[in-house]
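S.K.: Read off the chains here:
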Amino acid sequence: MAYITKSVFLRFSPEVVDTPIVYCLAHDFQLIPNIIKADINPQKQGYIVMTLSGDEDDYCRGIDYLKEKGLEVEALVDRISWDEKTCTQCGACTAVCPSRALTIKRPQMSVEFDGSKCIVCNMCIQACPVGAVKLDI
Amino acid sequence: MVKKTYEEINEKIKRGTAVVVTAEEVIDIAAAEGIKKAAEKIDVVTTGTFGIMCSSGAFLNFWHTKPKMKMAHVWLNDVAAYGGIAAVDAYIGAAEVIEGDPCNNNHPGHFRYGGGHVIEDLIAGKEIRLRADAYGTDCYPLRKLEKTITINDLRDAFMFNPRNSYQNYNVGVNCSDKTVYTYMGILKPHCANAHYSSSGQLSPLINDPYYRTIGIGTRIFLGGGEGYVAWPGTQHAPNDPRSENGVPLGGAGTLAVIGDMKQMNSRYVRGVSITGYGVSLMVGIGVPIPILDEEILEFTTIKDQDIFAPICDYGILYPAGEKCDIGSVSYAELKTGEIEFQGKKIRTAPLSSYTMAQEIAGSLKGWINQGKFLLGQPSQLLPTDEKRGQL
Ligand code: SF4
Ligand code: SF4
Numbered sequence: 002m003a004y005i006t007k008s009v010f011l012r013f014s015p016e017v018v019d020t021p022i023v024y025c026l027a028h029d030f031q032l033i034p035n036i037i038k039a040d041i042n043p044q045k046q047g048y049i050v051m052t053l054s055g056d057e058d059d060y061c062r063g064i065d066y067l068k069e070k071g072l073e074v075e076a077l078v079d080r081i082s083w084d085e086k087t088c089t090q091c092g093a094c095t096a097v098c099p100s101r102a103l104t105i106k107r108p109q110m111s112v113e114f115d116g117s118k119c120i121v122c123n124m125c126i127q128a129c130p131v132g133a134v135k136l137d138i
Numbered sequence: 237m238v239k240k241t242y243e244e245i246n247e248k249i250k251r252g253t254a255v256v257v258t259a260e261e262v263i264d265i266a267a268a269e270g271i272k273k274a275a276e277k278i279d280v281v282t283t284g285t286f287g288i289m290c291s292s293g294a295f296l297n298f299w300h301t302k303p304k305m306k307m308a309h310v311w312l313n314d315v316a317a318y319g320g321i322a323a324v325d326a327y328i329g330a331a332e333v334i335e336g337d338p339c340n341n342n343h344p345g346h347f348r349y350g351g352g353h354v355i356e357d358l359i360a361g362k363e364i365r366l367r368a369d370a371y372g373t374d375c376y377p378l379r380k381l382e383k384t385i386t387i388n389d390l391r392d393a394f395m396f397n398p399r400n401s402y403q404n405y406n407v408g409v410n411c412s413d414k415t416v417y418t419y420m421g422i423l424k425p426h427c428a429n430a431h432y433s434s435s436g437q438l439s440p441l442i443n444d445p446y447y448r449t450i451g452i453g454t455r456i457f458l459g460g461g462e463g464y465v466a467w468p469g470t471q472h473a474p475n476d477p478r479s480e481n482g483v484p485l486g487g488a489g490t491l492a493v494i495g496d497m498k499q500m501n502s503r504y505v506r507g508v509s510i511t512g513y514g515v516s517l518m519v520g521i522g523v524p525i526p527i528l529d530e531e532i533l534e535f536t537t538i539k540d541q542d543i544f545a546p547i548c549d550y551g552i553l554y555p556a557g558e559k560c561d562i563g564s565v566s567y568a569e570l571k572t573g574e575i576e577f578q579g580k581k582i583r584t585a586p587l588s589s590y591t592m593a594q595e596i597a598g599s600l601k602g603w604i605n606q607g608k609f610l611l612g613q614p615s616q617l618l619p620t621d622e623k624r625g626q627l
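So the protein lines, in turn, are chains S and L.
Okay, so the first sequence: first residue is 2 according to our numbering, each after it adds one.
Okay, so the second sequence: first residue is 237 according to our numbering, each after it adds one.
Isolated chain S (complex conformation):
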């Protein structure tokens, strides 16, 4: 059993707008949904960007369920961007980054970002005091 956090982009049509998908993901698949961005237009078409945390198998079953319901599902990758110019090199993001994508180079003590290691868990966004890490959507 591997515990994972993944970000997904869901686009839905008017037919599925009344389906309580977030509730089902939590209740039927024990996934923890965290909505990052969402919008719905007057024609009842819309999108949701969210992270889903939980067991990897549950995550796969949850995604299948969404597809069955007719939602367009896209897994989001490499969406964290790090702006070296804004970064103060404080290091506050480095101990909370679970995948060591944000690290301190020693002995220089400079901060580096390796996007290929990032699992888009968003911890650094909460930890960074100057908004140097951003979610690119």
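Check each hint, because a few of them may be wrong.
Simulated pairs of lysine-lysine, DSSO-like, Cα-Cα distance not exceeding 30 Å [said to hold, decoys possible]:
no. : chain 1 : residue 1 : chain 2 : residue 2
1   : L       : Lys498    : S       : Lys86
2   : L       : Lys580    : L       : Lys559
3   : L       : Lys424    : S       : Lys86
4   : L       : Lys580    : S       : Lys106
5   : L       : Lys608    : S       : Lys86
6   : S       : Lys7      : L       : Lys424
7   : S       : Lys118    : L       : Lys581
8   : S       : Lys38     : S       : Lys68
9   : L       : Lys424    : S       : Lys135
10  : L       : Lys414    : S       : Lys38
11  : S       : Lys7      : L       : Lys414
12  : L       : Lys424    : S       : Lys118
13  : L       : Lys414    : S       : Lys118
14  : L       : Lys272    : L       : Lys250
15  : L       : Lys580    : L       : Lys539
16  : L       : Lys414    : L       : Lys580
17  : L       : Lys414    : L       : Lys559
18  : L       : Lys362    : S       : Lys86
19  : S       : Lys106    : L       : Lys581
20  : L       : Lys277    : L       : Lys250
Between beta-carbon pairs, the in silico distance windows are [as the list claims (entries may be wrong)]:
no. : chain 1 : residue 1 : chain 2 : residue 2 : range
21  : L       : His300    : S       : Pro108    : 48 to 58 Å
22  : S       : Glu73     : L       : Ala568    : 45 to 55 Å
23  : L       : Lys304    : S       : Ser100    : 58 to 68 Å
24  : S       : Cys25     : L       : Ala556    : 39 to 49 Å
Treat the hints as calculated values from the structure; they're not laboratory data.
Backbone N, C-alpha and C define an ideal beta-carbon position, used for all residues, glycine too.
Given chain S's structure and the hints, the job is docking chain L with the ligands onto it.
M.R.: Quick look at chain L with the ligands alone, frame taken from chain S:
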């Protein structure tokens, strides 16, 4: 015995012959040449720190309006400044949150904008929306004002930070079983991570632990401009326990600093948003230490491995106001990125930027080498003894 005076060192700086090194460089020089030789050769050791310093703010004067106004309430980009001082003066505090912010109603709050950001934006030369109201008097009839200003439109803008540059600081861990969002960053339950906030061997007051050269009138690097130590900082606590080398084992000394914001550079003054906690300001400070004798030089050779910080529990004990000190660790260990605590390895991260601290100590060294920056002789040194109290 080496003996130098401020006047002698300043003469050398003016002639361009002063020997200036950073608090990192002095370590190897003293190890190679010995304390006495190093003290003879070196005239100034520069220090630096760059971190979040909540007790910061700025006095602003907006010029008199026409007709005149005695501003009672003042807002800058919707952040309230204190208007309870004379007509067109105000004080904006770094920790003031923008009006209408949901704060921690939806915990943890984001705190996107506040006083610290206003100060950074002013220094960066950005436009700021000024709003003020007043009750009106015979001599100051105007009751409302709204206009866009930049720092150039201000008559005066000086930073006055009541408490900056702690001599040493706590290492934050969280012994509770839920994540806490603190001014020491995001601390995961069961002590899964540890955050520290000091530039250690580069930190100003660590390099002059008994304040033999630092006091009221010491000229410093403040936010990229020239500033001064104005007073001992609030909560200055020189009586905190110390290790044998004189370095305090806890916060101890602090500085109240002052400086002209029009000279500053927003690279060294950054507004910050601390998730779940609030807004604040990152400030860059560098203090030059004149090498008046061997003892002062010897103090500046302090190394990270000989500086110890208390490990404090921010999950249960600190918020409760209890004694929160549950361990001790050196900066050399903290800087490796991992420490052993309560039998397990935990990850560490700094909150204050070591590379920026190096840059500040290096800039200050450059200013002195170019003869642009002379040492200010303090008219009174920081107190080394003070009673402490608790409400
Ligand atoms: S989102 Fe941030 S904290 Fe999470 S893995 Fe990526 S870089 Fe690390
Ligand atoms: S917390 Fe932000 S400013 Fe600090 S090192 Fe990480 S990205 Fe840079």
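S.K.: So, for every hint listed, does it hold in this structure?
M.R.: Quick rundown of the hints versus the structure:
| no. | hint | in the structure |
| --- | --- | --- |
| 1 | L:Lys498 / S:Lys86 | 22 Å, holds |
| 2 | L:Lys580 / L:Lys559 | 23 Å, holds |
| 3 | L:Lys424 / S:Lys86 | 28 Å, holds |
| 4 | L:Lys580 / S:Lys106 | 23 Å, holds |
| 5 | L:Lys608 / S:Lys86 | 28 Å, holds |
| 6 | S:Lys7 / L:Lys424 | 20 Å, holds |
| 7 | S:Lys118 / L:Lys581 | 22 Å, holds |
| 8 | S:Lys38 / S:Lys68 | 20 Å, holds |
| 9 | L:Lys424 / S:Lys135 | 22 Å, holds |
| 10 | L:Lys414 / S:Lys38 | 26 Å, holds |
| 11 | S:Lys7 / L:Lys414 | 22 Å, holds |
| 12 | L:Lys424 / S:Lys118 | 21 Å, holds |
| 13 | L:Lys414 / S:Lys118 | 26 Å, holds |
| 14 | L:Lys272 / L:Lys250 | 24 Å, holds |
| 15 | L:Lys580 / L:Lys539 | 26 Å, holds |
| 16 | L:Lys414 / L:Lys580 | 18 Å, holds |
| 17 | L:Lys414 / L:Lys559 | 20 Å, holds |
| 18 | L:Lys362 / S:Lys86 | 18 Å, holds |
| 19 | S:Lys106 / L:Lys581 | 19 Å, holds |
| 20 | L:Lys277 / L:Lys250 | 17 Å, holds |
| 21 | L:His300 / S:Pro108: 48 to 58 Å | 54 Å, holds |
| 22 | S:Glu73 / L:Ala568: 45 to 55 Å | 53 Å, holds |
| 23 | L:Lys304 / S:Ser100: 58 to 68 Å | 60 Å, holds |
| 24 | S:Cys25 / L:Ala556: 39 to 49 Å | 41 Å, holds |
Hint violations for this structure: none, all hints satisfied.
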